[in-house]
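Each chain is listed here by its residues.
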Amino acid sequence: MKKLLFFSFIWMAFNLTAQNTGHLSGGYEGYLQYYQDDEPTNFKAPADRLRSMNYFTTQYNYKQFSFGIQYEAFLPQAFLGYNPDLNKNKIATYFAQYKKDNLEITAGYFYDQFGSGLVFRSWQDRQLGIDNAVRGLRLKYNFDDWADITAFTGNQRLGFELSESTLYGGDVNINLDNLLKTNKMQLKAGFSYVARYQETQSANPDLNPIVGNYSSRLDMNAGNFYANFEYAYKEADARAFNQVLLDQVLFDGDAWLLNMGYSKKGLGINATFRRLENMQMYSERLLEGNTYNTGVMNFIPGLAKQHDVSLANIYVYQAQPAISFGEQKVGEIGGQFDLFYTFKRETALGGKYGTKFAFNFSRWHGLKADFDMQKQTYKPEFLATGDLYFQDINFEIRKKFSKKVKTIFTFIDLKYNKPKLEGESEFVDATIQALDVEYKLPKKQSFRAELQHLYTQDDMKSWVAGLFEFNFSHHFNMYAGDMYNYGNDDEKLHYFNVGATYTKSSSRLSLNYGRQRGGLLCVGGVCRYVPANKGLTMTLSLSF
Amino acid sequence: MKKLILLFGLIMTISLSAQEIPHATIVDMSGNKIDFKELVNSDKPVIVSFWATWCAPCINELDAISEVYPDWQDETGVQLIAISLDDERTARRIKPLVNGKGWEYKIYRDLNNELRKIYNIANPPYTLVIKNGKIVASHSGYTPGSEEDLYEDLTQ
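Listed in order, the protein sequences are those of chains A and B. For the first sequence, the numbering used here gives the first residue as 5, with consecutive numbering after it. For the second sequence, the numbering used here gives the first residue as 24, with consecutive numbering after it.
Misleading hints may appear alongside valid ones.
Stated by the list, open to error - For lysine to aspartate or glutamate, the following EDC-like pairs were computed, each having C-alpha atoms within a straight-line distance of at most 16 Å: (1) A/K404 to B/D86; (2) A/K404 to B/E90; (3) A/K508 to B/D86; (4) A/K444 to B/D176; (5) A/K403 to B/D86; (6) B/K67 to B/E137; (7) A/K422 to A/D463; (8) A/K269 to B/D172; (9) A/K372 to A/D391.
As the list claims (entries may be wrong) - Listed below are several chain A residues computed to face chain B (Cβ distance under 8 Å; list not exhaustive): (10) G31; (11) Q63; (12) L307.
Treat the hints as calculated values from the structure; they're not laboratory data. Keep in mind it's a predicted model, so treat the numbers as computed, not measured. Glycine included, every Cβ here is placed at the ideal spot set by N, Cα and C.
Just chain A, with the same shape it has in the complex:
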């Protein structure tokens, strides 16, 4: 408590003395949940029915310096599905930074990403309960136009503690534009090295306390074309499963990532290819595979379209970088394709206001490999594909019919290998259709109605969903919606929700009451399992 008051007075002091020469910012983000028993889903409310998760951040920028603090309070503990270590309230992260001309030095907790994150990324995502900031020292130097370099060392945040292991690494990005004879093409190269030093007792003499990850990248832009390539390599390391070290045989890993695209006004195309083999990396070996994503060191998101359609979020693809002898699966290989096109106004398909079309396709397989269960080794093929894990073919059409009416039509064809991806049930073949209509009323009011349908003969079978949202003004709206599993052979459940949202400049307050479907909650390709629950949720965010 005294620490809090002390820091608060510092904020106020800075405010009074440095009113015109500094910038103080910060905010509060809070979540309050009240759990209720729910018989139809066999949900028994946990010991603490009323829980809150509160985040206070403040940052002060003054000339070349900036300072920040984040205080977290989980009272009495975090929501279901979050790391149970989050049941305290204390200062979670803090930093001090000096930035002048080409130099930047940060001490304390920092977030960063090298390349696409295949070898290193530290970030915070409150919905997922991820905060893998590194506490230590980081230096960045910018050699004007032609290169920039980053180096860091530290320990990773694990809950409210720090990892025993030490992480260190460096990243270099070089601008090769000046080497090229033409100014019609831009070329950039990058290299990273990130290592983890962890001493572990092991019978295997080859187990090295230092495990290094390397990344090399090339990015090219030429007029309307662009291409990005990254290759990452992880040195041989032991694996772990359910906190047991698997050090009999050590495996290295690698990742190939290629992205290409073409875009000009009215048309955009993008294609991505990725192959992953044993690329998961944790700051402590025994954390491998933990359900809370604690200790992840890199960012390996599932590369598939993030749908707004709620029924499409029942089966979401999670990347499969790891090796599992038990399930005879290793890694993943596949790709994603996107096309965006605008049919111009006054054309046949464009209509009066133009029509916007978006097509997306993604397909993911496991690697094809021979497993030797006795020796606990495997032999993978490079480009061959193993089992189909996931396929999503979808398109979206946005059309404005008049000054008052806008519609979005979505069609999705989904294939989801639930046994291989979640370890249960059956392979799901589904199609989803969704229609969203927005109608503008006078006096800054409007409403939105959404209807969705998921048809499948597999797993939980078919669903229908609807949502109605009324905007009383630009600041206040209320909504009511339901997801009904009408096709289910066992229990046909309604997952209903009602709520309201109020916003005023940068503040937002929302209330929701209803039954949440259990399953994977995925944000940005990284997922967390959420148990089914019913109750009241309130979220508040304020910033200053």
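Given chain A's structure and the hints, the job is docking chain B onto it.
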């Protein structure tokens, strides 16, 4: 609980004239680093819209503004800077999406979440209206017709 209420009170009572723009590094679509404060420093109004390819209301807002953008530019000389909060998973879709929709905005990425932290953006879209280097209005969320509020901020 008492600690929370006290801290709450402290935040609410801190009234600041901190409408100044901070320095922060963002990246353009060719990978070049730009300073945010220098970018928005102009004698013409600037709208900064924080969006993401996965945020439907953000796309709705930017689509709606794109229909009236030429008129706004003729009238006020406004520039709209769209800063994407996409991370590596979805960042590749930015260029094709922006071009596919024919948006004329200047697009940047908040690569290391610097601005996201400074402005405490939990739920995009988050839009700022900046005049002469100072923030004159901010809006969170988008409902049909909200772009009219932005127009009012521009012309006041």
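To see whether the hints hold, each was checked on the structure:
1. A/K404 to B/D86: Holds - the C-alpha atoms of B/D86 and A/K404 are around 11 Å apart, at most 16 Å.
2. A/K404 to B/E90: Given that 16 Å is the threshold and the Cα spacing comes to 11 Å, the pair holds.
3. A/K508 to B/D86: Distance of about 22 Å is beyond 16 Å: violated.
4. A/K444 to B/D176: violated, 21 Å
5. A/K403 to B/D86: holds, 11 Å
6. B/K67 to B/E137: Judged against 16 Å, a Cα distance of about 25 Å means the pair is violated.
7. A/K422 to A/D463: Answer holds: A/K422 to A/D463 is near 9 Å, not above 16 Å.
8. A/K269 to B/D172: violated, 28 Å
9. A/K372 to A/D391: Distance ~8 Å between A/K372 and A/D391 Cα, so the pair holds.
10. G31: Where the cut-off is 8 Å and the nearest Cβ of chain B is about 3 Å from A/G31, the hint holds.
11. Q63: holds, 6 Å
12. L307: Holds, about 7 Å.
Hints 3, 4, 6, 8 from the earlier list are contradicted by this structure; the remaining hints agree with it.
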